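2 protein chains.
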Amino acid sequence: MSDHKEFRDLETPDVLRETLAGLDIEPGTETVALDDARGRVLAERVDAGIDVPGFDRAAMDGYAVRAADTFGASETDPVELEVVDSVHAGDRPAVALESGDAVEISTGAVVPSTADAVVMVEDTSDREPDADGDDARERVVDVRTAVAPGTHVMAAGADIAAGQRALGPGTLVTPREIGLLSALGVDAVPVHARPRVAVVSTGDELVPPGEDLDHGAGEIHDVNTHAIAAGVREAGGVPVVYEHVGDDESEMAATIERAASECDLVLTSGSTSASAMDVVYRVVEERGERLLHGVAVKPGKPTLVGTIDGTAYVGLPGYPVSALSIFRTFVAPRIRDAAARPPTRTATVDATMATRERSEEGRLRLIPVGLVEDGAGATLAYPVDKGSGATTTLTAADGVVPVDPDTNYVDAGDPVTVELFSPSVRPPRVLVVGEDDPTLSRALDDVAAPRYLAAGTRSGRRSRRDGVADAAALAGPDADDALASDDVLGTWERDWGLVVPAGNPDAVDGLAALVDADVSFANRDAESGLRARLDDALDALAADRDTTRDALADEISGYALATRGHQSPARRVADGVVDVGLGLRGTAAALDLDFVELGVDRVAVVAADDRRDKPGVRDLERALPDGG
Amino acid sequence: MSDHKEFRDLETPDVLRETLAGLDIEPGTETVALDDARGRVLAERVDAGIDVPGFDRAAMDGYAVRAADTFGASETDPVELEVVDSVHAGDRPAVALESGDAVEISTGAVVPSTADAVVMVEDTSDREPDADGDDARERVVDVRTAVAPGTHVMAAGADIAAGQRALGPGTLVTPREIGLLSALGVDAVPVHARPRVAVVSTGDELVPPGEDLDHGAGEIHDVNTHAIAAGVREAGGVPVVYEHVGDDESEMAATIERAASECDLVLTSGSTSASAMDVVYRVVEERGERLLHGVAVKPGKPTLVGTIDGTAYVGLPGYPVSALSIFRTFVAPRIRDAAARPPTRTATVDATMATRERSEEGRLRLIPVGLVEDGAGATLAYPVDKGSGATTTLTAADGVVPVDPDTNYVDAGDPVTVELFSPSVRPPRVLVVGEDDPTLSRALDDVAAPRYLAAGTRSGRRSRRDGVADAAALAGPDADDALASDDVLGTWERDWGLVVPAGNPDAVDGLAALVDADVSFANRDAESGLRARLDDALDALAADRDTTRDALADEISGYALATRGHQSPARRVADGVVDVGLGLRGTAAALDLDFVELGVDRVAVVAADDRRDKPGVRDLERALPDGG
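Chains R and Y, in that order, are what the protein sequence lines are. Sequential numbering of the first sequence, starting at 1152, is according to the working numbering. Sequential numbering of the second sequence, starting at 1152, is according to the working numbering.
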């Protein structure tokens, strides 16, 4: 609608990377306490300020001796030494050894400067002196082995000596580096500061999570602010969230300018509204420089890079999937770099594309895909795309398949390399696609690492047929048909019917009332088994009345209102939006609504026949009702 | 020395794992704010409480229409509709569409309930009505394409519908999950609590980093407390550090009991002192149960597992390398598990053992190894072991090679699998072994990811010969000899001599004074090139005096005091421990000491001849003086 949204010359992803690399985001250095240093990166070399250990240290329990006194000692001919003292870790040696003396010593204790070796306790025998009138010695020890000078002594500085290089600049501090720094007595270290990254929310329609939405006014929850703030933290930055409410353009401009003055990088995101973007463009034009606008990546085309008052600025697309995709692929690595963190190794998985996916020439396509292992253990990738505004794509996908700008499509069966969202991503252990059912959802709580795409019975049937789903969740007539199969993992019944307000104010008593009475209705979508039950019942009623289902449907106000979840129609009843909703007895009870039963539906979860032996499928079978 | 330290029946690593698995560490659940949820694991299923989107949402900029009005429209024969309103994101539609009407609409805006499709702006032409006296319409739009109901409309609940399963229990919360939770309006989530892990320091000889040590009294800095606390945090636990100072046994027992009452797991560690361990054993015996003592793992034998007042307890070995090895291999995975975090995938690297390393039958050996790439890009592993008390092993190693209890040794050339300390570990880009030299240390600040083992000139020569070091740092006569080589990457000179207190109170004027005057001396170790210079000078003096070097050395009080770092002797002069130290002019200056020059030493950094083309070696050459 606006000139700003036309992108005549899209830049390549490489140019975007170079432009981001050219921004000045680096925040300098700071000193942090040792206990806060984990995960930080040293800004300067740390040299040892002391010898470690700071003294000649006994490496064994035993006796400190003059090595020369032991020369010639053996099992059969031990050397007898007088025990003149004992030294434990943390003791200051009190006695100087003369030739013929030994000092009992513990691991970690100071070896007296007059000794030069330690004999292990296992090679000695402590005893009373031989009965001899003129032996004034209280204790003696037989040493049964000869030791060389330095034996079992860790010399001062042998671990690391004063002045030696301990850790170089650029070192990532892990528990091991904290160990070495502790040994050196260092309790604070110079590290690269974490870049402060402003996350500015710019949409009038955005409402923070936790607050109520006015759906009718087009309000939605602000997704990007929190997700990107978490991504900034993950990349080693410090997110600074600037909440902008209201539609005062000068106030929004002031917020962005304040963010630029307080942070090392400003990210705007969160809005698809043209007016909000207009403000951003104006601020960049007036107070900074537009460096890049529009990139040949899908999703993510409308990315904007520039400066505001000299501070780096990136405008992310409004849709969460697009915003997070651009953030993850391009911006997060730049933040990591500014924080001097080592780059993450992109974790990839080789997979086979399960279904054909078209692409668009001229743009790098990042296809979100989910992963599933087939019966032979091979990894399949299937496209996850519920529309560009969908947030469930974020969690239903495991990674992306990059498709070159000059490729038109990826075919089913093509080998692809999946860039995982993180190295810890694993394919779900079992993938269930099909009817949205609360019993199934609860049962999955007892299954490790499941994925459940509740896209409807028809989707489940298709996905199982296409070799994607491990199991299809079927309801309606499809479930009845499936019962004969050997691959049923579990099956159960559920009462279906009409959900009405408590007290049933319209006195709805059955399907006929829906057709005949002046009530509004919320239906389910055609993918659902529940909708198939309703349509079958309408067929039966039409037969009774000698008419057609379509004719009856035309009489139902809202028959075409096809909502997507098992609770959606009931919620509309609860919210007073409609009078009657298609749903389940359990849903009505949960929402304190009344219920007019129309019949008993069946749900059957049916495995793909090549997946019966997958451990996750077996787990699912155990968790399901009647699952044996 | 104590009965406790005898381990007649060492348990296998598997028994240790099972014993740890049997401990009750699980801390229950808690609710955290969305912004604190990253990295946490959901304790319960999160269902969608609302339809997302909550309204039929325009997926494109364009015009909301009744689809039926567009049927038959084409490029050549557009349909003309009246534009009766416009709706932006965040607006509440004000006007009901009649047949023939269109509403200008922005991406993200509410599609009026009286419309059922959106025509993209690209497929329309907005214009003034044709001049016609009785046309009261202000704006019309030509629609040049037919659309079906639902086109470019994201139906309410199409992303996720009320009641649907959004995220299951056990889900790790990443920025993507935070995005979905935001969309659902969730601002706090139930997560598994992080186990509170007490880290109890129990050694009288331990001094916190940042405080001064009394070396003579055997004090060392407390390494384990901070390193293990960092490890606990990395594993998903909350470390609670209990500092114990002093040697009051009843107070130490009280500290351990308090830790047991306040935490989910108590770790003691940090001491090798028998008395401290006695207290721990007594507390476990009196107030709990000893479940396992002694495990057939090297390092880590004296590991103790039990309970104290019903709380899980693990006693780690005292030496940092042992303590952290047991912690990393056995305890950290258990803490991760208690925090319900997914297990880390152990990152491994296939390598070739560079040198032979003996093992010990009957115990699983975890050999700390460093990694280096040879000239052909193959990865070599070399043992890193500076003695069991060394902390530099922690940072000089990249991982461990596990060696079975029934294997005696790993031979040079054997293929081994290295378990990396973390998946982000990379071999250093260049490995320099040899003389400890401050100029080299500074130069390495300009080289990415170097490793410098300043173990002395002789070590460097050996390591280069053995095919381990990329480059040897040579000083003393070895450096002179190396100058003819084509493989010299850089070379420089340094003044060497005697470091004396400021003002030179003993009027030391040269080497002869060291022999003849009554002064104490701190020497360097025989690995160093500097020591070789001293010995050469003593040879010359001996020749002058017609005696032997050994005879002169006998006259030097402290000739045998072989310290390990270039600064170590000078530090002893500064501390007043000795009168004279062997060292460099720069060191004397840095410590405000005086310097008696005895000669000019040379340092030469010499590449291994098969490593000249390694990028890290080239970087090193560029960074070194005279390195061209």
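By construction, these hints were calculated from the structure, which means they are not laboratory data. Remember, predicted model here, so these are calculated numbers, not experimental data. Errors might be hidden in some of the hints.
Chain copies aren't distinguished; within one or between two, either way the pair holds.
Below, computed lysine to aspartate or glutamate pairings styled on DMTMM-like, alpha-carbon distance capped at 25 Å [said to hold, decoys possible]:
| # | residue 1 | residue 2 |
| --- | --- | --- |
| 1 | LYS1537 | ASP1274 |
| 2 | LYS1449 | ASP1165 |
| 3 | LYS1449 | ASP1637 |
| 4 | LYS1449 | ASP1274 |
| 5 | LYS1449 | GLU1437 |
| 6 | LYS1452 | GLU1273 |
| 7 | LYS1537 | ASP1338 |
| 8 | LYS1452 | GLU1706 |
| 9 | LYS1452 | GLU1162 |
| 10 | LYS1449 | ASP1236 |
| 11 | LYS1449 | GLU1233 |
| 12 | LYS1449 | ASP1501 |
| 13 | LYS1452 | ASP1274 |
| 14 | LYS1537 | ASP1667 |
| 15 | LYS1452 | ASP1228 |
| 16 | LYS1452 | ASP1198 |
| 17 | LYS1537 | ASP1236 |
I'd like to know which numbered hints this structure contradicts. Please list them from smallest to largest.
When the structure is compared with the hints, numbers 3, 5, 8, 10, 11, 14, 15, 16, 17 turn out to be violated.
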